[in-house]
Structures are given as C-alpha cells and as structure tokens.
Amino acid sequence: MKEFNYLRADTLSEALEMLEEFQGNVKVLAAGTDLVVRLKGDMVKEENILDISRIKELKGIYAENGIIHILPLTTHTEILEYPDMKTAAQILYDACKSVGSPQIRNRGTLGGNVANASPAGDTIPALFVQGAKLRLKSKSGERVISVEDFFTGPGRTVLKPDELLVDIYFPTMSDDEVGFFKKLGQRNALAISVVSVAAKLKKSTEPNKFDKAFVAFGSVAPTVIRGNRVENALMDSVVDSPEKIRYIAQLAWREVSPISDVRASLKYRQDMSINLLYEGLLELYKNGWNRRS
Amino acid sequence: MGEYKYIGKSVPRVDAAEKATGHIKYMSDLSFPNMLWGKIVRSKYPHAKILKIDTSKAEALPGVVAVVTWKDVPGLNGFGIVIPDQPVLCEDKVRYIGDAVAAVAAETKEIAEEAAKLVEVEYEPLPLVDDPIKAISEDAPKVHDGGNVHLHTKIVRGDVEKAFKEADLIVEHTYYTGRQEHAFLETESGVAKLEEDGTLSVYAGSQYPQRDQMQLSRCLALNPRKIHVVSYPVGGAFGGKDELTIQPILGLLALKTKRPVKIVLSREESIISYWKRHPMIMKYKTGVKKDGTLVANKVEIYADTGAYASLGGPVLNLAVEHACGPYKLDNVYIDGYCVYTNNGVAGAFRGFGVPQVTFAMETQMDIIAEKLGIDPIKLRKKNALRRGDVSPIGNKLTTSVGTVAVLDGVKETDLWKNKDRIEKVDKERPWIKRGFGFALTYQGTGLGIGLPDYGGAVLRFREDGGFIVGVGIVDYGQGTGTSYAQIVAEAMKCPVEKVSVILGDTDLTADSGPTSASRGVYTGGRAAVIASNRMMKILKEKAAELLSVSPEDLEAESGYFYVKNQPDVSISYEKIAMEFLKTSGHLPQTEGYFLMPIADIKIKDAFGLPHHIFAYSGHLALVEVNTLTGQTKVLEGAEVVDGGIVVNRQGFEAQVEGGYVMGMGYGLMEDVKIEKGIFKTVNFSTYIIPTVKDAPKRIQTVPVHDPEETGPYQAKGIAETVMVATAPAITNAIHSATGIRIFKIPATSELVYNLLKEQRKNESTD
Ligand SMILES: Cc1cc2nc3c(=O)[nH]c(=O)nc-3n(C[C@H](O)[C@H](O)[C@H](O)COP(=O)(O)OP(=O)(O)OC[C@H]3O[C@@H](n4cnc5c(N)ncnc54)[C@H](O)[C@@H]3O)c2cc1C
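Those sequence lines, one after another, are chains A and Y.
Going by this note's numbering, the letters in the first sequence line up with residues 1 to 293, in that order.
Going by this note's numbering, the letters in the second sequence line up with residues 1 to 766, in that order.
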C-alpha cells in the first residue's frame with residue numbers, strides 16, 4: 001500500500017476549502033469501508049485523503065414537509081433505527097438492512113454507498129425508486145440533481161473535484177404506495193449483489209392498476225439503471241394474474257446489460273433480473289398489493 | 001457411564017478464557033526486539049522455466065537486510081511429507097503461480113514488500129497442464145520429469161463385469177467436486193529466531209512440530225536438536241497446516257540475518273500459495289439387485305493434486321478406501337489417479353479424500369433408493385457393514401462398527417420424526433420447495449497400515465498436587481487439549497482444574513504423531529492414560545509409604561488417597577508432592593507411548609490401506625430451494641455420530657455443528673476457481689464461505705454410544721466424519737425438493753437454477 005497524506009476537516013466549510021485547494025488530488029474518506037479496501041489494493045491515484053467523518057453538520061436524519069433528509073454521514077444502522085423509517089421509506093429500509101453485516105452497517109454511510117458509485121451499491125436502486133435528490137456543494141456554490149443523473153459509470157459520478165455530497169432526500173411514501181427491495185447474493189450476509197431489484201408502485205383507485213411505477217436494477221449494467229419498459233407496462237396493464245406479472249417481468253430482459261464475472265454469468269444475471277422482479281411483484285400481488293406487516 | 005466424573009461431561013475448554021478475552025498469543029501476535037519482516041517472491045506464471053534471478057536491485061534498497069534464493073538453501077532444497085518434491089525456493093522451474101522463488105528480510109514490512117517487487121526473475125513460459133484427465137496422456141506436457149501421475153492405486157475384488165450382468169439395475173454417473181479452501185482465521189504466519197546457543201526457534205502454527213523439525217533439519221542442514229519448533233497455539237488448521245508452509249523460508253532468513261524474522265501472509269497470498277482440498281472427477285457405475293442388494297461398484301477417480309505431492313497420494317488412497325461407502329460389496333473395481341497439474345497445490349483437508357467419494361457414493365445410493373422405491377435408510381441398512389464383515393477393499397472389520405447403530409439413531413432425530421410433516425411446497429410462495437435428505441459415511445481413524453502410528457504423552461507432577469500433560473498433538477480449535485485434561489483428571493482421580501496441558505512443542509511435549517486423521521484424542525489420549533497409570537503407581541506407593549499401609553489398601557479420589565474402610569485416614573496429592581521435593585528434590589515424571597492397533601491384512605499396492613478403526617456418521621438435512629433463483633437454504637440439520645464413547649459432550653456438539661456448516665459450505669458455495677493456472681477467487685469477497693446467517697437454525701447432535709475397546713475410555717475420533725457426508729445430505733435434499741440431481745458441487749444458486757431450467761425445458765418438450 002502506498003503512502004498518502006492524511007487531512008481532516010471538522011466543519012463543512014473547512015472541507016470545501018480543502019477540496020478547492022487540492023483540486024482533484026484528494027479523495028474523500030467517510031467511514032472508509034469502501035475506500036480502505038481500494039487503498040489497500042493500491043487502486044487510488046490521489047495523494048491526499050480528506051477525512052470528513054467528524055463533520056457533525058453532515059450527519060443525521062430529519063423530515064420536513066413530507067420530505068426525508070438523510071445527511072451523507074448517516075450510517076446504515078442509524079437509518080434502520082430511525083423511528084418510522086420502515087413505513088416512510090420501506091424500500092430504502094430493506095436495502096440498508098441487506099448491506100454487509102452489523103459491523104459494516106454500524107460504520108458504512110449512505111453518502112459513501114452512493115458516492116462510491118458501484119453498480120452493486122445496494123441503497124442506490126432503492127434511492128432511484130424512492131425518487132431521491134442529491135445536493136452537491138462546493139465552495140463556490142451548490143446544485144441539486146436527481147440520483148439517476150449522478151452516475152456516469154462504475155465508480156464514476158458527476159461530482160466535480162471540489163464538490164461534496166451534502167444531502168440525500170426524497171418524499172415520504174404515502175399509504176397508497178407499495179414496493180420492495182430484493183437482493184440476490186452468493187450468501188445471506190456479507191454478500192455483494194449478483195442482482196438487485198427495487199420497485200415502488202402507486203396504486204390507482206381501480207384494482208390491480210397503478211398510476212405510477214418505478215423500477216430499478218442493480219449489478220446488471222455499468223451503473224444502477226431504471227427499468228422504463230417495465231414501468232410503462234405496469235402502468236398500462238391490469239396486473240391481475242401471476243401470468244401477467246410474469247409477462248411484464250420478462251421485459252426486464254430488455255433493460256439489462258450485465259457481464260459475466262467470477263460471481264455469476266451474464267445469462268444468470270439476465271434471468272435473475274426477471275425472476276427477482278417477478279418474485280417481488282408476485283409477493284405483493286398475493287398480499288393484495290398491500291404492504292406486508 | 002455413570003462411574004465417570006469427567007468423561008462424557010461438558011467440561012469447559014481449558015483455553016476458553018484466554019481465547020475469549022483475547023489474551024492468547026498466536027504466532028502472528030509474536031514480536032521480538034530487533035525483528036525483521038520477511039516477504040516471499042512468488043512465481044508470475046503457473047508453469048515456466050526460470051532463466052535468471054537478479055536480486056541486486058532488491059539488495060540495494062535501503063532497509064533490506066537479506067535476499068535469499070535457492071543458492072542460499074544449505075540442505076535439501078525440497079520438502080513434502082511423503083516425497084520432498086517441492087522446492088523451498090525454485091531454481092530452474094516454477095510449477096504453480098504460488099511457487100516461491102526468492103525471499104526478502106527487511107527492517108519493516110513495507111520495505112520488505114517493496115524489495116520483493118524489485119527481485120527480477122526472467123521466465124520462459126511452458127505449456128500449461130490444467131486438466132487432470134488430459135494430464136495423464138503420454139503426450140501431455142510434464143509438470144515433473146517423472147510424469148504427471150503421482151500415484152495410481154487400483155483395487156480389484158471379485159468380478160464386477162460378471163456382477164453387472166446379474167444386476168437388476170445399473171446406475172452410472174460422473175461426479176465433480178470443488179477445490180475447498182481451509183479458510184482458517186489465522187493465515188500461515190510466524191517468527192524464526194536464532195538463539196544465543198545457536199538453536200533455531202521456529203514459532204509457526206502447524207499440526208506436527210516434530211515432523212516440522214525433521215523436515216526443517218533436512219532443508220537447513222541443521223541438527224534437529226538445534227531446532228526448536230513451537231506450533232501451538234494455532235488460529236485454525238483443518239489439515240492446511242499439516243505440511244510445511246512458510247517455516248523453511250523463515251528459517252533461511254533467520255539463519256542468514258541472525259535476527260528474528262516474521263512473516264504474516266495476507267489472505268490473498270495464503271489462498272494462492274498453499275493447500276486446498278483435491279478437486280476430484282469420479283466415474284461411478286453401481287449394480288444392484290431389485291431387493292436393494294449392492295452387487296458391484298466400478299469407480300474411477302481422478303484427483304488434481306496440483307504442482308506438488310505433499311499428501312496427495314494418501315488423500316487419493318483414502319478416497320479409494322472409502323469409495324464404496326460403509327457397505328458390503330464383494331465385486332469392486334476402484335481405479336484412482338493422483339495427478340500433477342499447474343492448478344495451485346492440494347493437500348490435507350479434514351476428510352482427506354473421503355468427502356469427495358462420499359458425495360458420489362451417497363448420491364448413487366439415493367438414486368438407487370428412488371429407482372427401486374426403497375426407503376433410503378432401509379436400503380443402507382440392508383447393505384450396511386457390520387462388525388466381523390469384510391470391507392469392500394478386503395479387510396475384516398474387527399473393531400467397533402457403528403453403521404447399524406447410526407442408521408437406527410437416525411430415527412431418534414427430530415428431523416426424521418417430523419419429516420412427513422414438512423410442507424413440500426410453500427403455500428404462500430409456491431416457488432419455494434422443501435425437501436429432506438440423508439447421507440451416511442465413515443472415516444478411518446489414524447494413519448493406516450504401514451505408517452508408524454503412535455501416541456506419546458509426558459506427565460509431570462506439579463508442586464500443588466496437579467499435573468501437566470504434554471502431547472505433541474496440537475489443538476487448533478477441535479478441543480483436544482481439553483479432552484487430554486479430562487482424561488488425565490479421570491485417570492489420576494483429581495479435579496480437572498488441576499491439570500494443565502502443553503501442546504505442540506518439540507522441547508516440552510512427547511512426539512505424538514500428526515494432528516490429523518481424527519487421531520488426536522484416540523492416540524494422544526491413550527498415551528495419556530498409560531502415562532497416568534504409571535504416575536498413579538508412583539504416587540500410590542509414596543502415599544502408602546507415608547501412611548504406612550500397603551498400596552492395595554489405598555483408593556484415590558479428588559486429589560486424595562484414602563485408606564479403604566478408614567475414610568478419615570487420607571493424604572492429599574499436594575502433600576505427596578511436598579514429600580517428593582523434600583526427599584529427592586524433584587517431582588516424578590512419567591511417559592506413555594501407545595502403538596496404534598492395525599488391521600488384519602495389508603492391501604496390495606495401496607500404501608496405508610486399510611485402516612483398522614472407523615468412526616461412522618449419518619447426516620440429515622432439511623432444505624428449502626427457491627426455484628426462481630436456485631438458492632438453497634438449509635433450514636435444519638442433524639447428525640448421528642458413532643465416535644465410541646464421548647469424552648466431552650460440549651466439544652462433541654461443537655465438532656458436529658462446525659463440521660456440518662463446513663460440509664454445507666463445501667456442498668453449496670465453496671470453490672477456489674483457477675482459470676489457466678490463475679486464481680480467480682483470492683479472498684473472502686469472492687471465495688464464499690457460509691456466515692452465521694447461512695447456517696441452519698438448528699443442528700441436532702445424536703451420539704451413538706458404541707464403545708471402542710482400544711480407545712481411551714473407549715473413544716474414537718470424530719473430527720472428520722462430522723463434515724464428510726453433509727454435502728450429499730444437502731444435495732439429496734435438493735433432489736427431494738425439486739427433482740433435479742446434483743452431480744457437481746458446490747451446488748451454487750446458478751448451478752441449481754440452470755438445472756431447474758433444463759428440467760422445465762425437458763418437461764415442456766416431453
Ligand atoms: C465486508 C464488506 C461488506 C459490504 N457489503 C456491502 C453490501 O452488502 N452492500 C453495499 O451496497 N455495500 C457493501 N459494502 C460497501 C460499503 O460498506 C458501503 O458502500 C458503505 O455504505 C460505504 O460507506 P463509507 O462511509 O464506508 O464510504 P467510504 O469508503 O468512506 O467512501 C466511499 C466512496 O465515496 C466517497 N464519498 C464518501 N462520502 C462522500 C461525500 N459525502 N461526498 C463525496 N464523496 C464521498 C469516497 O471518496 C469514496 O470514493 C461492503 C463493504 C465491506 C468492506
């Protein structure tokens with residue numbers, strides 16, 4: 001492991017100051033559960049590490065006008081322990097629950113999971129379907145973008161060298177919204193997603209119909225992706241039988257562009273995109289499109 | 001068994017407190033003043049000629065104290081338990097990607113790593129040998145000059161071809177097993193240090209300190225008495241530390257630098273460089289009568305031993321010996337090959353060749369039971385070996401044989417009792433299918449015929465009236481040390497707290513053979529009983545002298561001698577110890593040596609075969625298969641185990657639970673993938689082992705109390721058999737849940753899913 005220069009910011013403005021000063025030759029460190037692995041593998045080209053983990057302004061959860069704000073240094077465990085998170089953001093809740101192990105969830109942060117930009121990052125598909133927005137800030141200003149516009153490739157984002165992710169927010173789920181997060185790993189804990197699927201459906205007043213549908217897939221493309229064809233089919237059909245669900249789920253085949261690696265083959269990932277979606281929808285259907293208690 | 005105070009009881013582990021509190025010092029925790037760090041330079045190619053090794057740049061790096069190559073090996077540049085065909089440092093050729101070519105000692109770990117990168121080695125790649133079957137053919141490129149077949153073992157009894165003609169059913173399949181990694185918590189690590197008197201101390205966790213000493217003496221050209229090996233405590237081994245690993249290189253560096261040198265392997269280096277379970281390809285053809293009587297078994301085995309022999313030969317032979325399962329079979333043809341390739345190195349691993357053939361044979365049995373419509377337990381019972389029977393390879397079984405007791409014990413498990421109440425298809429989620437599976441196995445205890453097999457123990461009397469027992473066997477987690485304490489406490493009639501245990505040290509313990517082959521408790525335990533009986537005689541005589549009675553009048557209990565019928569006349573062990581010190585200035589010490597009994601005959605051309613004592617076990621599994629994803633979850637497990645009389649109930653259960661989960665990993669997920677000689681799964685992110693979330697919620701342990709007269713307090717060894725048949729129990733359960741047959745393990749989700757998909761395709765075209 002090569003040597004690097006360690007810096008620490010204790011306030012947000014200090015951090016933004018330093019980011020500007022080092023102009024790209026600096027890597028942000030939150031809890032380090034992703035970054036330290038990369039450092040050990042000599043996969044980081046920057047020579048400076050900026051530790052932001054003690055910036056209090058970047059930690060915490062609050063709800064305001066039906067919007068939940070999760071600040072980037074909030075850990076997966078803190079998200080799981082936040083009152084009502086399970087109802088307000090069931091999909092993200094389930095995604096956080098599937099991350100790593102208790103130790104990883106106690107340290108790893110939501111901001112780190114997002115900014116790491118892995119196609120297998122488990123909270124990302126959940127944030128896609130929960131309609132999350134990201135606030136990015138630099139010394140000279142700030143901007144807000146949709147989480148879907150954040151990623152440009154594996155490990156790559158639109159973050160500018162002097163920008164920090166400072167807020168992740170999305171609307172609270174309403175009573176007529178249901179959804180799921182499903183993850184297939186090689187085991188039940190400490191597993192990187194082979195395929196993951198998140199979905200959120202806004203029920204129509206008519207039975208088995210949906211006004212809105214959001215579907216996202218992880219680990220099956222260079223970034224997490226939305227499944228627009230599947231969404232359109234869900235909104236345009238009366239989803240009233242397992243056969244219909246199967247038919248719609250099969251559209252996932254047209255959404256995904258996976259690769260083969262040591263964890264799974266391309267073909268298996270393709271099929272699993274369909275089957276996880278099918279299983280998730282079928283479970284909801286069998287529960288009368290109601291949330292499980 | 002009521003008469004025992006400690007045998008059969010759940011005595012807490014002697015090392016529990018120091019392990020739970022983190023006080024125990026493993027070899028990777030050791031540190032000495034003036035210590036250097038070592039780093040090994042490994043091959044860049046799986047098979048290549050070495051043209052040139054240039055160490056000058058590495059030597060020039062500030063902070064580097066020594067760089068060693070083959071030229072620095074003072075003795076034989078080779079090690080290996082059976083034949084020393086593995087170079088300490090390669091001279092002219094590398095045979096796998098982990099082969100050691102040079103090593104560096106430097107002031108810091110970082111400098112050592114940097115220097116290792118500066119060692120320049122010029123290679124000329126050679127054609128790769130990566131398929132064990134192709135490797136056998138005459139024109140295949142050769143890993144070793146002598147050819148790629150390291151060992152060929154063939155056992156023929158009766159006439160299989162004739163018997164197949166008389167069979168009503170013939171079941172024929174080819175089976176494949178994965179390359180399992182031991183995945184011990186502590187990687188190969190240690191320190192070597194040259195003492196002032198010229199002794200080389202080698203602190204490195206391993207399974208047999210005295211053999212390490214012998215092998216090191218040969219490589220380093222040192223008098224073995226000038227090598228002190230400490231191999232305990234060890235952070236897990238499972239067979240992976242039976243052979244030498246980093247010790248000869250540590251020794252070389254310490255001798256050259258005259259300073260302590262430490263090496264701790266990274267997980268990646270550990271996985272690439274050292275032993276794995278042999279992947280095997282096994283072709284089975286089994287003939288059976290309509291009533292379920294097995295009449296013939298023809299088996300071909302190809303074991304991929306990788307680049308060097310290590311224990312590959314004995315592993316193959318154990319596979320050959322156990323290939324037919326614990327069943328009566330008079331017509332067998334077993335043809336096994338242990339083959340060199342450039343696929344890493346394979347060696348000893350819990351089960352030692354038996355998990356592979358058990359997977360194959362127990363799947364055959366499950367298929368036969370299904371095809372003939374016979375209950376799987378009844379089918380096995382019909383063919384079960386019993387005491388006095390002749391084994392498939394031809395030896396008479398004269399020691400305890402637990403097959404029938406185990407099969408009867410199966411009915412005592414909750415899983416069996418409830419198996420008809422299993423909801424085969426989940427009502428809410430009909431794509432979830434459940435099934436129940438069973439598999440039976442046995443495992444030889446000890447090294448087998450032709451290999452000197454003995455246990456040794458030294459027993460020292462302590463000043464406080466307690467005892468220290470020293471056995472060369474190593475407790476790498478299995479609980480042997482605690483068993484020795486119990487055995488000595490029982491034999492010496494003293495509180496177990498008063499027995500301390502020393503293990504794995506060439507200076508302080510008696511040679512007790514390797515910690516392998518499920519032999520630790522059996523051999524070391526018997527030796528401890530012998531040493532205890534001698535000690536008892538000495539103490540009794542002294543007590544008799546002090547109490548002015550005859551030794552026959554004395555009875556020992558809880559650290560005291562009492563005069564029979566005079567309960568108020570007694571003397572404590574502590575008092576006796578003081579008397580010894582007063583009169584002679586020292587305390588008595590005894591030794592016990594126990595020669596392992598051997599079988600009636602030797603199997604021709606099959607070194608080490610047969611074994612004489614076997615432990616038996618039946619494994620049960622209830623699984624749930626998600627037919628949409630192919631994921632298998634083991635909901636509940638159980639094992640019925642004949643290990644003779646149980647020495648430590650809690651340790652017994654821990655072995656069963658740990659063995660079951662290890663067997664489950666073998667069956668469902670574990671496989672070190674090597675493509676074109678290159679490792680693809682080098683750490684626990686890609687080499688998948690089960691976590692607590694994957695383990696079944698319950699594993700029931702049902703011991704079968706079948707005493708083995710030759711064992712210490714009638715015990716046998718169970719450390720291996722408890723993992724051996726778990727994989728086929730699970731794959732048989734997958735079949736019962738879904739109808740698909742698993743011929744290849746690990747049965748990963750993807751593999752199961754693909755088989756289900758094929759099954760659906762076939763159904764729709766039928
Ligand atoms: C054993 C193990 C198991 C794991 N299991 C899972 C799993 O199941 N699912 C999963 O999704 N992940 C998993 N991970 C990955 C990791 O734990 C998570 O992604 C975690 O949420 C990362 O958070 P962190 O705070 O540790 O990020 P860090 O490692 O500190 O940072 C990750 C990246 O994000 C950047 N970054 C962090 N914060 C900001 C910010 N505020 N602004 C801009 N850039 C920022 C960093 O520069 C870095 O590039 C696992 C990791 C390990 C080691």
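These aren't lab readings, by the way, just hints derived from the structure by calculation.
Beta carbons are placed, not taken as given, at the ideal position from N, Cα and C, and that holds for glycine.
It is possible that part of the hints are untrue.
Said to hold, decoys possible - Take a look, some chain Y residues computed to stay more than 12 Å from chain A by CB distance:
{"id": "1", "residue": "E114"}
{"id": "2", "residue": "E268"}
{"id": "3", "residue": "K396"}
Stated by the list, open to error - Derived list of chain A stretches under chain Y, where covered just means 3 residues or more per stretch with a C-beta under 8 Å from a C-beta of chain Y:
{"id": "4", "segment": "174 to 187"}
{"id": "5", "segment": "264 to 274"}
May I ask which of the numbered hints given earlier this structure violates, with the numbers listed in increasing order? Hints 1, 2 contradicted; others consistent.
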